[in-house]
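*Asks:* Chains A and B, in that order, are what the protein sequence lines are.
At position 71 of the first sequence (counting the first as 1) the number is 1568 in my numbering, and the numbers step up by one without a gap.
At position 56 of the second sequence (counting the first as 1) the number is 169 in my numbering, and the numbers step up by one without a gap.
Please note that a few of the clues may not be correct.
Said to hold, decoys possible - Facing chain B, a subset of chain A residues (Cβ under 10 Å, in silico):
1) A1508
2) L1509
3) Y1516
4) G1534
5) D1548
6) A1578
7) E1583
8) T1587
9) G1644
10) A1645
11) L1681
12) N1698
13) T1719
14) V1720
15) G1724
16) R1728
Source of the hints: derived by calculation from the structure; they are not laboratory data.
The structure presented is a predicted model; accordingly, all values stated were derived computationally and were not measured.
Idealized CB from N, CA, C, for every residue including glycine.
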Amino acid sequence: MNVLIVEDDSALARELGLYLHNAGYVCEVARTAREAGERLFVNTYDFVLLDLGLPDADGLTVLATARREHNREAVIIILSARGAVEDRVTSLDLGADDYLPKPYSLLELVSRMQAITRRKFNAPQDSFTFGSFTLRPRERRLIGPDGADILLTRKEFDLLHYLLLHTPKVLTRQQLIQHLWGDLAGTAESDSNFVDVHVKNLRRKLAGREAASSGAADWIETVRGVGYRLRKPDPAP
Amino acid sequence: MTLRQKLILLSVFSKTLMAAVLLLALPWIVQVLALRHSDALLRADLQRVRTRIARVGISEFLPGARLNRRAHYDLLQDEFIALRPLSDTESAPGTRRFPTDFIATVPHRQYAATADFRVLHHEFLYHGRRYALEIGKSIASVEEVYELLRSLARYALAGAVLLTLLLEFGVLALLLRPVEQIVARLRSVQGPLPPPLAPLTTTTTDFQYLDLGLRQMLDRIRAGHEQERQFIAHASHELLTPIAVLQTRFENMLAADAPADHLPEAAEAQIVASQTTLHRLTATLRTLLLISRIENQQYPRPDRVPLADLAVDVLNELEDLIADRGLTIHGPDAAARALPPLAPANRDLLFTLVYNLLTNAIKYNEPGGHISLTAEPVAAASADGVPGEVGFQIRNSGPVIPPDQLPHLFERFRRAEPTGQIEGHGLGLALARAIARLHGVGLTLDSAPEVGTTVTLRWRPATGSEAPTVR
């Protein structure tokens, strides 16, 4: 997967490139709108990560040109620190696929890129299995060992899904907050304790079912001082 | 009361006053004028008599003389001339009781009847003798002229008053139209800033000046807004980009997949702690920027938002927390659902507002407590038909907030004293207030034992015709 990072801050471009490289992407960096235009003209990219505050032009013009003239297929994600109210609407109108305000969580960015790829190639993962549980994201169902549904709230479901997607990574509370609350995480009175509440409830619901079949196992592990991860699933019996 | 109404009242009042004074004074004025006129006639007569005496002698005028029909005979008997020689005693100096010449109104006996006459009395010397000459005119003949004059004057007065009133109303309406336009423009400024306005068409220099001043002021405000807007954008970019660098760097440090690359546990914990601090900084900064953008009027308000429905959405979002703390939710009740929607409104901002209020109601509640969403009893519509304010209340059973702290809770970075371990950056209510203000919604906080803490959102329902129009 080829990624063009359009970002004038070199430190940020480097960190972003490093993370994406580790996640298996091939990255190029353009620091100005001019450079971005040239690269977009010559190459074909799967993803363009576009900063709006470029030194020589508004990133929105890069977006408009890219969509109009070349790289119509590329997935363009806007990463902006400008945060002007109309930026989001304008960029989505101009054909951007997603919009993430800075500072964003790299994990969230890559998750969204992967979700877009899955949608694009029409290959969403239909089900995740851990232990004797099965999670079906499209139907938003969690099926327990006895074949019955376990009722989860929206947040609990999203949390479990996110942990499953990134097994066996440890996810920090901040990463989970950014995923679960999105924009609200920045401005509303969000509370990192909220995540703990959801994890606690989720554990209780999972443990209640597990006990009935194969003995208690704490699927969601707490990594002290860091965050949470899903225990590596044993091969299903 | 508008300027135009006041001016019309003033005009009517002054005309009425003028008409009343004139009508009262009219008889007197007419009488004075008529008397003057008849006195002048009498003097002219006297002049003619003197001329004649000088030409033909005095004997013709003396009583007993042969009658000169042309001079003496008066068919209507409303004029007379009497000439008589004065006796020595009458003419002797020092015994005189009257001035030699005067005009007076005196009863005069003419044949059988007595009537009021205006009489000119004149004394003169003729060939060494003094004579007294009296010329009289009946007042009755003058009275008729008075009456005619009076009624004529009344009609003329009424006509003049009506005509000038109509004229003034018309001219006032024409002259004051710019004032009404200026007032309409000022009204429209209360919302978001209107686009640049065209100059008013008026020839009145005062209004031109006023309009110019107003437009210049608006331009200056607009320029200030634009500057502030750019500052916010720059501050946002310059502050958030370094934070983004730090956050991505921390994330990279923690992201190593292979166990061999993992940092020591203690180091990881420290990085996570730094991330948390950074997150806190980000949240504070974003909220401050958001408040600034709201105050800078950057948010459009295209929506109509029923608050009760919005609150239900927020409650769904918060269901886990509510369940975790064992809280009971009452409402929103039927009255709250029946409240008129907020319009024009920005749904996303209102969501944040209600989210913050409900999050507070959850966080600062006691375990097993309750939250109720109700409509405030409606204030009656005022006399002039303007609908009263309606209120939406969120009440929780949390600990009482001391009254002296209540007014300060909406200030930035202020939190009530006994917050204990509850996390928050102290900007939630400041943001809530900024959003409420943008929507013309009053936000108040009350706290009392037994009742709990109540947040009230109060607004005046839009009547539909209130949308500001800019001419």
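*Asks:* State for each hint whether it applies.
*Replies:* Tested hints:
1. A1508: For A1508(A), the interface hint holds, since the closest Cβ of chain B sits about 5 Å away, which is under 10 Å.
2. L1509: holds (5 Å)
3. Y1516: Holds, about 5 Å.
4. G1534: violated (21 Å)
5. D1548: holds (9 Å)
6. A1578: Result: holds, 4 Å to nearest chain B Cβ.
7. E1583: holds (8 Å)
8. T1587: With a closest approach of 12 Å, the T1587(A) hint is violated.
9. G1644: Constraint on G1644(A) not satisfied, violated at 25 Å.
10. A1645: violated (21 Å)
11. L1681: holds (7 Å)
12. N1698: holds (6 Å)
13. T1719: violated (12 Å)
14. V1720: With Cβ-Cβ at 8 Å, under 10 Å, it holds.
15. G1724: holds (7 Å)
16. R1728: violated (15 Å)
Going down the numbered hints, you'll see the structure goes against 4, 8, 9, 10, 13 and 16, while the others check out.
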